[in-house]
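Residues per chain are reported as follows:
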Amino acid sequence: MELTMIYYLIPSLIMFCCGVYGFITRRNMIAILISLELMLNAVDINFVVFNRFLFPGEMEGMFFTLFAIGLAAAETALAIAIIINVFRVSNSIDVRDVNKMKH
Amino acid sequence: MDYSQFLAMRQEIGLLIVFLLVFLYDTFMPKKALNATAGFTTILFLLFTVASFIWGNIGDVDAFAGMYSTSGVCSMIKNILNVGVLIVLIQSCRWANGELMIMRRGEFYELLLVTLFGMYLMISARHFLLFVIGLESASLPLAAMVAFDKNRYESHEAAIKYMLTAVFSSAVFMMGLSFVYGLSGSLYFHDIALQLGSSFNTTLVVALAFVIAGVGFKLSLVPFHLWTADVYQGAPTSVTSYLSVISKGAAAFAFLVILVQCFGQFYSMVWEWMLYALIIATITIGNLFAIRQKNMKRFLAFSSISQAGYIMLGIVGCNDMGLAAMMYYILVYIFSNLAAFGVIGAIENQTGKVEMTDYNGLSRTNPWLACSMMLAMFSLAGIPPFAGFFSKFFIFTSAINQGSVAIYILVLIALINTIISLYYYLLVVKAMYISPDEPQIANFRSASSERLGLWITVGGIVALGIVSFFYDSIMEAASGSALFAFIG
Amino acid sequence: MQPVIPIIILALPLTMFLVLGLLGHKMSHRLAGILGTAGMGTTMVLAYIVSFTYFFSGNPSFIDADTHTRLQAVIFNHDWLAFTPSLVIRLGFLLDPISALMLVVITTISFMVHLYSNGYMRDHHGVWETGFQRFYAFLSLFSFSMLGLVVATNIFQMYIFWELVGASSYLLIGFYYTKPSAVSASKKAFIVTRFADLGFLIGILILSFYTGTFNFTDLTSVEVSNGVYQISESTASSVKNIFATSAAPVFMGGSVLTWALVLIFMGGMGKSAMMPLHIWLPDAMEGPTPVSALIHAATMVVAGVYLVARLFPLYLMEEMSLQIIVVVGALTALYAAMVACTQIDIKRVLAFSTISQIAFMMVSLGVARPEFHHGLGYMASMFHLFTHAMFKALLFLCAGALIHAIGSNDYTAMHGLRKHMPVTHITFLIGCLAIAGIIPFAGFFSKDEILTATMGHSTFWYVWMSAVAGLTAFYMFRLYYLIFWWKEHKVPQGHHAPHDQPWTMTLPLVILAVISCVAGFVPMGNLVTWNGHGMFENVNIFTNFAALDWGVASISLAVAIIAIIIATVMYKKENPLPEKMKNLLPNLWRWCHHRFYWDELYMFITHKIIFGCISKPIAWFDHYIVDGAMNGLALLTQKVSYAIRGLQSGNIQMYVWYYLIGALLLGAITAICLI
Amino acid sequence: MFSNILIYFVIIPLLMLGGFALCRTDKAVRTVAVVGSMALLALSVWLLVDYIALRQAGETAEMLYTGSWVWFAPLNIHLAVGVDGVSIAMLLLSSIIIFAGSFASWKIDNMRHFFMWLLLLSTGVFGFFISIDMFTMFMFYEVALIPMYLLIGQWGTGRKEYSAMKLTLMLMGGSAFLMLSLIGIYFHSAPEGGQLTWNLLEIAQNDSISRGWQYFLFPMCFVGFGVLGAMFPFHTWSPDGHACAPTAVSMLHAGVLMKLGGYGCFRVAMYLMPTAANDLAWIFLILTGVSVVYGAFSACVQTDLKYINAYSSVSHCGMVLFAILMINTTALTGAIMQMLSHGLMTALFFALIGMIYGRTHTRDIRLMGGLMKIMPFLGVGYVIAGMASLGLPGLSGFVAEMTIFVGSFQHTDMFHRVFTIVACSSIVITAVYILRVVGKLLFGPVQDEHHLSLTDATWWERLSTITLIVSVAAIGCFPNFFEWLIRFTFSPEIFRAIGLN
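Chains as they are written, first to last, in the working numbering: chain E, 1 to 103; chain P, 1001 to 1488; chain W, 2001 to 2675; chain B, 3001 to 3501.
In short, the hints are calculated from the structure, not lab data. Relax, there's no trap hidden among the hints.
One side of the interface only, derived from the structure: several residues of chain W facing chain E at Cβ under 8 Å:
| # | residue |
| --- | --- |
| 1 | Arg2645 |
| 2 | Gln2648 |
| 3 | Ser2649 |
| 4 | Gly2650 |
| 5 | Asn2651 |
| 6 | Ile2652 |
| 7 | Val2656 |
| 8 | Trp2657 |
| 9 | Leu2660 |
Simulated coverage check for chain P against chain E, where a stretch passes if three residues somewhere in it have a Cβ under 8 Å from a Cβ of chain E:
| # | region |
| --- | --- |
| 10 | 1122-1135 |
| 11 | 1138-1150 |
| 12 | 1158-1165 |
| 13 | 1177-1184 |
| 14 | 1224-1237 |
Cross-link-like lysine to aspartate or glutamate pairs, in silico, EDC-like; alpha carbons within 20 Å at most:
| # | chain 1 | residue 1 | chain 2 | residue 2 |
| --- | --- | --- | --- | --- |
| 15 | W | Lys2026 | B | Asp3456 |
| 16 | W | Lys2419 | W | Glu2574 |
| 17 | W | Lys2179 | B | Asp3448 |
| 18 | W | Lys2487 | W | Asp2345 |
| 19 | W | Lys2616 | B | Asp3304 |
For glycine and all other residues, C-beta sits at the position ideal for the given N, C-alpha and C.
Here chain E stands alone, though its shape is the one from the complex (with noise of 0.2 Å):
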């Protein structure tokens, strides 16, 4: 069996959904984070996928994911940093109980 690259793009995909359903149902800031980790890393399998199996004579999606890595540990940093701050004031991480502000 040849691994065609739909067999990386389905994976992928799952992975980016199963992102969106950890941040939509999870309560847990970190586990929220998580979940975006799993989104961003399955748009990096796609840019990589793309490139090498559709244009694999450059290089443009390898560089693009290498600096998505890097942008998305640099979210995570800041995201941690403000997640303890919020923690600090209101002694929680649920992500339910921060809608102080609404309507």
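Please build the complex by placing chains P, W and B on the supplied structure of chain E, with the hints as guidance.
Below, chains P, W and B alone, put in the same frame as chain E:
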């Protein structure tokens, strides 16, 4: 590699120099001198702004194999943003020098300059990698800025909301991008357009929707706007004003560039209609939410959502006139909104009050603040002879230039929405001027920096429209741009 | 003729109005009275000069020497408002037989009233009425408007002054403006006549649109052709042609000309208080009595007659419109006479009598035909207008003197005044004889001409009108006896006995009484005819006698005398006969006494239908539907705003959920639509 | 630019605004207001005289004193000015009412700010009437609208916040449609490839708006202006707004601002889109014809003096639009006459109502009575205003209405005839409600003992009233002069809609 290409990036480099100087000053100057950080930054930025006006425009230049491109329009929009940032800096002096900020004001300025740098990249990027870097560096530091009010819970709530939704949004955006890459094989705007040709399929449409959603998030287009109100309300006022005008302005321009450069050939088939839907939703929902807001910042958040809808009308027109109208709109919007935020900030810094009912009878105790606020409201509502009228008129004109009946209906809906918006802007005026209640805010003298900021913004509100020079020069810059080559 | 005197005739009363109106409160009462009276006196003299010049000078512009035809002479005519090149309102001065006649009538009566008011408008102690100066100002305004009306050169000028007399009548009826009844009477008078004027206006619009002119000289010129006097060939043919070929010659069953003329007549009906638009006139008696004499007896109310007379050649072209005039006039005449028999208020009796007499003039115009005695009815109508003005003004002024002396309008408060007020008694009697048509008083001749003309047209209407003439004699003498006889006058304790009034009031009575005696001998047939051609070859003082149709005259005389005898029997001495009569026909009496419930009908229409069923619902509709829709729109926006607030739930997870849905929908819907 | 006389109609109010900003006392404010409004009056009279002289000298250009200065070159927006007889009449009307209004607000609170807003409003009004560029016209139009909000909100009475908001939003709603149609006109203002323009005269000359586009744009334009002209069913801002507005504002608003609507309707909508004007007039004829009688009937049962007058304005302004839609020289001339007439007499009405209200502190006619005895001057003024309103010859209402009726009657078809007669019938209804008010308010016994101690008008009130009465009488007595002034604009050669009719 030809390092002279960096010369094309002179505005970015200038900004970096400002950033570095501020960083160095903050890091190495003695404690006493740190009191002058705000002034130092402002003056430095003022110099940079002036320099950028004088030497910024080097005509159409592509650098780094087309990853980066600058032109008259790009430097113009950057200059416009500079002016806005300058006003924000002036207005935030008092806040930055406040008790709570003493330890961290340098960081505030550094973060701010970094985000501005990110926006510069968004504007000038002609390659998605550069664009994403710009986008992220324009939004991530903002999350930190939003969280700047350490002691206020709202500030943190706003920050986490902004952070999580922003990352989600960039995930979606990059998802869309990955499919665009998959379909075209390139991340250069130019190449994408060439590779895609004029054929499109479902995947591309959905990918395009994702891309629009990603940028629309920055612009707070409905339904990608939900973070806006909470973040604006929670963030420190100076940050809110920065968020509401500068980052929106940059995003709007970048949005236009992406749409016309990458997907220009699908204009009338695909995204014109998407934009119609988005514009109607944005303007209407923004207005409907705004009419019952009590918190001034939240109120202005929704108002800025609907203003974003009007800005989008400039894109719909998809021509030089629309580009000019959009930039002019951004310029006027910067002044009007900053005038409003200036008053809010001045009052908040003095009394801590941000509710609309607190403004009752303001005209009797603080006539000048009330007057500035009123002018800002009139300008936002598009009442002549204030600048907002001209910008609205021009943006409608440019949209209708496209000529179809559909656009007339779109503009009509937008116009009817201006009535709703007039209603809530007048509510503020009513509170200040008409409400018979006992004034909540005693007479006070605002800081000279705040007053300077207000003078500048009010002067802009009055002059930007009546003096045709501003529009004319923007139009001149826009008419030379080659942005719309792919429309058809 | 130089236009100087005519201009002064119009300008002097206007100046008086302005002077008295603007500066009146700074003058003494006496000065104002003298000024007003002197102004009117001057005007009268000038009007006489103009009028006599017109009739007797033989000036070729006034009379065609060859055919002895009196001409229409436009003294001056100034453009006032040009709607289109042809439709121009001009303000001018038209002299022809009827306008010259009216000049005399109006200025005479007006002067008498001015003089009389000097006495009337102050109480027994010589204290002036409040607003005395205002009163004179309004009288001057009225005189100006009325003079302007009669000398109008075009129909729109007439309409202008028509409105102005209406307004001055409104002001004068409401002179005692603190009295609610006076206020409502003035309002009623104005609104009813305004309604009629609507018809007039539309009539003018129709007429002028199809003929392309407002000018009377174009519309009604008369010429002689083949020895027969008729409406000028050119006018007739052009008018006929226009109406025959115009785009909408027929409208709802009538020709456009019929509609125009009937609508114009409607205006006349309003001003001249023809049924069913008569209801304002009895109420108008709320005004000061001199005003009633001037406006509501002698001058303004005959404007309707004058209007029809003015357009008579046009009416001649539409038989139907003349028929309508006859029917309306005859019905009104009978109705008003019947009502007059049962009224208690002496001014109301006189008011209904006025209505009835004007109806006589209308009928007379309606029955006038060129074929019959050169349009005898036309002459008779104008003749009656002239004599009626004199004796009815006399009667009203007498009534004023009585009211002034007694302080009440009811004859029940009078009775038996003949000894206390001899001058008033005699002059009132002369007035009654004149109106009853007793030879040789003025009314005899004019009424006789009317009856002759009616006879010539239709026997039915002749009998009808003769009966009305009998009723007239009856109710006038009923009034006379009830005031001056019936029983002895009881002077209430502590009051002076009533007596004759000062000379300012009695002098006009005497003058008018003398005129009422001799006016019948004026050879009107030679002065005023529809085509301007004199009726008689030779004129002397007995011309009118000679011209009488003695068959008609003797019958009408007999009817009048019988009616007077009945009145004498019933009312000379206090007796139960009137009560018996009343009980004999209770329903008829009640209907007559309540004026056939016209006022109630109008009340119902205005209050219940116009206010209740139109205005109120419209106001409701405006407030709750139209305005409600606007408010509803605003409310809806608010409601929607509240309804969708859940969208902004404050929950990050919901935010991204909506975000995702939005993005997917955006893509999906576009994709579905496109592919 | 400054050699053009018309510019000073904008400059003087602006200078006055500056003057007010510098004033420190009420007295100084009054001085500036009086001097300024007299300057405006003098300027408009001078303009009138000069205009007549030019026309007598054989000047046949459509507009005189034209001037055009580039403003926003990329969109070809100019500050273009020019006047014809109609505009001059309107300028004169505006300056008279501003003059009278200044005196009517002699004692208002917070005077400086009041006059500043009032003069901003006037700037808009004058600017509107002198403009012949659609953009500047529209700009001035909106400049004139917004001060109403603050003027009513701050100095008004009753439900002022509600009324001010409603008025502003409805008028702005109208201008939303208007803006769209103006932009639409701009994009069809020149034949394919030609230079697009906002200039009314050039657009009319190009005559390049296709029939279809006219059908689309004309209704929007007409409704947009019609809202300000109180066209049924968009009139409901008027009663509430007027009822709550302070005296001078009611005067200026009903007297001048509502005229902007009628003026715009013919100067923009009908002038530029003659085909659609002729084809679609019937729709609006129904609306305006309804509004004529509808307003009059509504006025019959109101009890608040200002409501009565506001509904009467609905009726009279309906007549203006009605006449405009008749599209012939006479009717259009009558429409302008009616604008002048209604402007003056309704200003007079509102001035008097304000003065009476200032004394009795009520506007409910059921609570007042017999005021003629107590304040004869105001009473007489009210009667004169009433007489003008119900069309007494010699006052302005008559000539205007008659011109309209004669003009409207030029149409021979059933539809126009019926509506003309319906409109005519309003003169009766007008009489009903005017006399009802006069009877209840001025005549009859005094209702309230406290009113007996009230005083008659002060000198500034007299001056204000007399100015207006004299103007009303001047139009009423010398109509031909005004009609001559106006008629030129409506010759079929210039006003193509008439030619097409």
